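K.L.:
Using the sequences provided together with the hints, build the complete structure.
All residue numbers for the sequence shown refer to the numbering used here, where the first residue is 2 and numbers rise by one.
Hint data in this document are derived by calculation from the structure and do not stem from the laboratory.
A few of these clues could be false.
Pairwise CB distance ranges (calculated) [as the list claims (entries may be wrong)]:
id, residue 1, residue 2, range
1, T36, L255, 16 to 22 Å
2, L242, A67, 55 to 61 Å
3, Q245, E74, 50 to 56 Å
4, L124, Y79, 27 to 33 Å
5, A67, A37, 32 to 38 Å
6, T70, D236, 53 to 59 Å
7, S239, E63, 51 to 57 Å
8, D282, S160, 43 to 49 Å
9, S44, M287, 53 to 59 Å
10, R48, G102, 18 to 24 Å
11, Q166, Y79, 41 to 47 Å
12, Q245, P46, 46 to 52 Å
13, D282, S44, 53 to 59 Å
14, Q247, V163, 36 to 42 Å
Remember, it's a predicted structure, so these values are computed and weren't measured experimentally.
C-beta: ideal position from N, C-alpha, C; glycine also.
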Amino acid sequence: MRTLTHLFVLLIFASSMMAQTTAEWPQLLRDPARTARTEASISPPFRAKWFWLGPDLTLLNEAANAAWTDDLESREGYSFPVPDTYPVTLARGVQPVVSGGRMFVGTMQGTVHGIDVEDGRTLWSYDMGDPVITTACADTDRVLFVDVYGDVVALHAESGAVDWQLTADRSITTAPLLTGGLVYLASHSGRVCVGLAEWGGGVGAPLLAPIQGQMAAAHQRLFVPAENMIVYSLDLQSGDLLAQKQVVGQSFRLTHPVVFGDKLWVTTCMIPNVGSEGIFDDVLDMSGSLEEEEKLTRQFLRAKVALMERHLTGSICLHWIR
2 MRTLTHLFVL LIFASSMMAQ TTAEWPQLLR DPARTARTEA SISPPFRAKW
52 FWLGPDLTLL NEAANAAWTD DLESREGYSF PVPDTYPVTL ARGVQPVVSG
102 GRMFVGTMQG TVHGIDVEDG RTLWSYDMGD PVITTACADT DRVLFVDVYG
152 DVVALHAESG AVDWQLTADR SITTAPLLTG GLVYLASHSG RVCVGLAEWG
202 GGVGAPLLAP IQGQMAAAHQ RLFVPAENMI VYSLDLQSGD LLAQKQVVGQ
252 SFRLTHPVVF GDKLWVTTCM IPNVGSEGIF DDVLDMSGSL EEEEKLTRQF
302 LRAKVALMER HLTGSICLHW IR
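P.N.:
Right, here's the structure in full:
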């Protein structure tokens with residue numbers, strides 16, 4: 002077992018010595034337990050096979066294929082032939098996912114892309130309309146993306162055509178989780194949904210705090226860390242609350258739980274930028290109700306000019322969404 006780290010994150014697909022069958026990496030950290038581990042291996046010498054630099058440019062390493070023409074061999078004093086600027090950017094922590102010979106990735110520009118694993122060709126692109134700051138999930142037939150506004154779109158993996166879509170009641174910063182043929186979603190309302198339908202019997206009611214970090218699943222349980230610093234264990238089939246545990250910390254943002262064996266491991270973090278707790282207060286002061294507050298927050302996440310003029314450090318302010 003080896004840990005597959007940042008090779009895919011950089012969109013540098015290594016290597017020409019890789020086994021013929023590409024390892025699947027269908028969701029955040031590869032599996033619902035969020036172990037980030039695979040039995041696939043890459044043998045030296047290591048080299049980039051191709052660089053995907055946006056939907057209109059892929060550099061192809063001539064050392065990997067006689068028909069390719071780009072010099073991507075690393076050596077002292079040599080710079081790769083990449084442009085000075087790129088048309089797309091990736092949010093911190095976003096991982097491209099791989100399923101069925103295709104790679105899928107979403108961008109801060111709101112576009113999502115299907116890419117051929119073998120040669121880095123862009124197979125299709127789709128515009129979500131808002132920044133994508135979470136990792137997608139995919140199987141051989143579909144890929145599912147979410148954006149910061151709360152839009153959820155399932156696309157056909159081969160063509161990029163829309164299969165189904167919905168808009169959540171609040172913003173989403175949690176990656177969708179795929180297990181047992183079902184996809185689980187969580188929003189800042191504290192609500193957890195299964196695909197198009199919420200759990201019934203009142204279980205679809207929100208948990209007691211927003212969900213900003215990641216979820217994990219194993220042993221027929223879904224583990225959901227919420228911002229009241231309680232980790233909830235829910236039944237995967239019914240959504241029933243099975244257990245809960247209060248932990249020490251200030252937030253789960255940008256963290257993920259891991260299930261290994263019969264134990265659940267969680268990480269907490271401090272609230273970013275301690276001392277600037279009022280950084281979002283002027284936006285909140287513009288609202289007269291919780292519903293209006295959420296509307297203004299979503300407008301801010303969409304980089305509306307009126308709000309961005311008052312918050313030039315938008316990437317920092319994202320830490321304070323409610």
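K.L.:
Does the beta carbon distance between D282 and S44 stay inside 53 to 59 Å, or does it fall outside?
P.N.:
About 55 Å separates the Cβ atoms of D282 and S44, which means 53 to 59 Å holds.
K.L.:
Is the hinted range of 27 to 33 Å satisfied by the C-beta distance from L124 to Y79?
P.N.:
holds, 31 Å
K.L.:
Does the Cβ distance between R48 and G102 fall inside 18 to 24 Å?
P.N.:
Because 21 Å falls inside the window, the suggested range holds.
K.L.:
Quick check on a hinted range of 50 to 56 Å for Q245 and E74, using CB atoms only.
P.N.:
holds, 53 Å
K.L.:
Should the hint that A67 and A37 are 32 to 38 Å apart at their CB atoms be regarded as holding?
P.N.:
holds, 35 Å
K.L.:
Does 41 to 47 Å hold as the CB distance between Q166 and Y79, or does it fail?
P.N.:
Check passed, 45 Å falls within 41 to 47 Å.
K.L.:
Do the Cβ positions of T36 and L255 conform to the proposed distance bound of 16 to 22 Å?
P.N.:
Given range 16 to 22 Å: holds, Cβ gap about 18 Å.
K.L.:
Could you say whether the range 53 to 59 Å given as a hint is met by the Cβ separation of T70 and D236?
P.N.:
55 Å Cβ-Cβ, so the 53 to 59 Å window holds.
K.L.:
Could you check the hint for me, namely that S44 and M287 are 53 to 59 Å apart, CB to CB?
P.N.:
Holds, at about 57 Å.
K.L.:
State, for the Cβ atoms of L242 and A67, whether the hinted interval 55 to 61 Å holds or is violated.
P.N.:
Check passed, 59 Å falls within 55 to 61 Å.
K.L.:
Could you see if the CB distance from Q247 to V163 stays within 36 to 42 Å?
P.N.:
About 41 Å separates the Cβ atoms of Q247 and V163, which means 36 to 42 Å holds.
K.L.:
Could one say that the CB atoms of D282 and S160 fall in the range 43 to 49 Å?
P.N.:
holds, 46 Å
In the structure shown, no violation is registered for any of the earlier numbered hints.
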